[in-house]
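Visitor: Letter by letter, the chains look like this.
Number of protein chains: 2
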Amino acid sequence: MNTVRYPNAKTRAALLQRPAMEADTAHKTVADILAAVQQNGDAALRKYALQFDKVKQDRLTLTAKEWKEAVSQLPKDLKEAIRQAQQNIARFHRAQQRSEKKITTTPGVVCWRESRAIEKVGLYIPGGTAPLFSTVLMLATPAKIAGCQQVVLCTPPGKDGKIHPAILFAAQLCGVTAVYKTGGAQAIAAMAYGTQSVPKVDKIFGPGNRFVTLAKQLVQQQGVAIDMPAGPSEVLVVADETCVPAFVAADLLSQAEHGPDSQVLLVTWKEALLQKVREQVQQQLKTLPRQAIASAAL
Amino acid sequence: MNTVRYPNAKTRAALLQRPAMEADTAHKTVADILAAVQQNGDAALRKYALQFDKVKQDRLTLTAKEWKEAVSQLPKDLKEAIRQAQQNIARFHRAQQRSEKKITTTPGVVCWRESRAIEKVGLYIPGGTAPLFSTVLMLATPAKIAGCQQVVLCTPPGKDGKIHPAILFAAQLCGVTAVYKTGGAQAIAAMAYGTQSVPKVDKIFGPGNRFVTLAKQLVQQQGVAIDMPAGPSEVLVVADETCVPAFVAADLLSQAEHGPDSQVLLVTWKEALLQKVREQVQQQLKTLPRQAIASAAL
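The listed protein sequences derive, respectively, from chains A and B.
Under this note's numbering, the first residue of the first sequence carries the number 12, and numbering increases by one thereafter.
Under this note's numbering, the first residue of the second sequence carries the number 12, and numbering increases by one thereafter.
The set of hints was computed from the structure by calculation and includes no laboratory data.
Because the structure is a prediction, the values reported are computed rather than measured.
One thing to keep in mind: the hints can contain errors.
It does not matter which identical chain is meant; a pair holds if it fits inside one copy or across any two.
Using 25 Å as the maximum straight-line C-alpha spacing, the simulated BS3-like pairs for lysine-lysine come out as follows [said to hold, decoys possible]:
hint: 1; residue 1: 58; residue 2: 155
hint: 2; residue 1: 113; residue 2: 287
hint: 3; residue 1: 281; residue 2: 76
hint: 4; residue 1: 155; residue 2: 112
hint: 5; residue 1: 211; residue 2: 21
hint: 6; residue 1: 39; residue 2: 131
hint: 7; residue 1: 21; residue 2: 297
hint: 8; residue 1: 173; residue 2: 67
The following block holds chain A by itself, in its conformation from the complex (with noise of 0.2 Å):
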């Protein structure tokens, strides 16, 4: 972590630069796969998890076997720890559940915004490096409260085939409707078209790398509603003397570790606190599976 004491105008406006992913070189390919998925539905989702993911799939929905497997496999702490950050989420969610003002602007003329649920949403869940249950219980929670019917959700399988019991016992709490093992720019394509196997929604949600980004980026082109073209993780902490060292380091590391790109920043006005805060961002490194990630963002 650098230290930046009083940045001045321009400084402060380096530091704040937010990364970009570069997508542009990838729009071919993107586009190929857009068309392929397309064209030939389940048969290109096969053909790309076997060239990208290394897995021959049969089929690319789950059987009840491992849906069993999945929640039995699972410890027990972090199933309790999954419902218990579900119902959090829950909570803020529906606290945002209210009805409109109606507003006569001219005698008989009646306005109002009006919320309906979105019938049939698709998240995407990126694999790699670590499992995103946060992600499935953050997208899929709120659709649940909002009332949307379909809650479908694409994820690649593991290099065995297989989705991470945590995904799976989160997606299963969260009530999502159907879980398919796809991945990239070709889940994207499913959920945008629908193929044999796979619904076509309304609307796609969910971060993921370039690919994933950019093949959001041209299905809304085509008219499929996405929640926003997703960049690398950010996270800026303001704390002053009343913070917990521990709980500040925690947070900024919790998206350091997301990708080398992440872009982590601390704002304080207390040295010391800045001081113990890089003993516990020290402290928590050495013990975080994903050390060298995190370091690297930092």
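Please arrange chain B on chain A, whose structure you already have, making use of the hints.
Guide: Then chain B, alone, in the frame of chain A:
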């Protein structure tokens, strides 16, 4: 207007197919314009004004005289109508201001969403076949209510080098900070990067043709926020026997006249109403200044 009675699922899907813009072909043109404005600032804006708008520009801003003339030239009843519309829009948006509930998810952890006004916003108002002063009202009014400090507006000048007085009157009424005579993809670039005259903004709003829409999508990839990639106009009116046929017809025509690619739909289960609306549409079309465009859309 075509009438389709009791459409089946397949026909419904075809009828509801949204008009899409062909953006791909303009990619290089727009990328070149963005790069030129980023590099050459005002000089590039002047070059494109000459090339696309056939206007030689000494300055991109308006003189005090131009502002004064705009207000004095505008017919009194049009000014009154604009004032009335602005008040209605303001009433609607003021009702959307509210504070968020604070949620304690775990003792000591308080979560809430907080709305803060974006400091600098840029509004794009298309030129072309009609002065879109309603767009000025609908973008600038909520920006001011939200508390945006800087609200700048870009719009292309007519062949006489001037901005339509109704645009300027609406901008003045809404408290727009500054108006710049520049349009197209180059105006989006100016607000995204900043030039000698036009300030860089944090978020860009407003409709536009396919070049403008593509420019917004490209600058979004570079970190400037946009409202959305706007497509052609759409309206769907649901009418029962209590509706005033003249109003229904006017609502349909108000979007049909936007462009020949506008999508205009009426859903009704009253044969008598349908006939009356058809008659009203034909009658109102006769006196519509943009009759040819509206007819093409219908």
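Visitor: Mind listing which of the numbered hints don't hold for this structure, in increasing order?
Guide: Violated hints: 1, 2, 3, 6, 7; rest satisfied.
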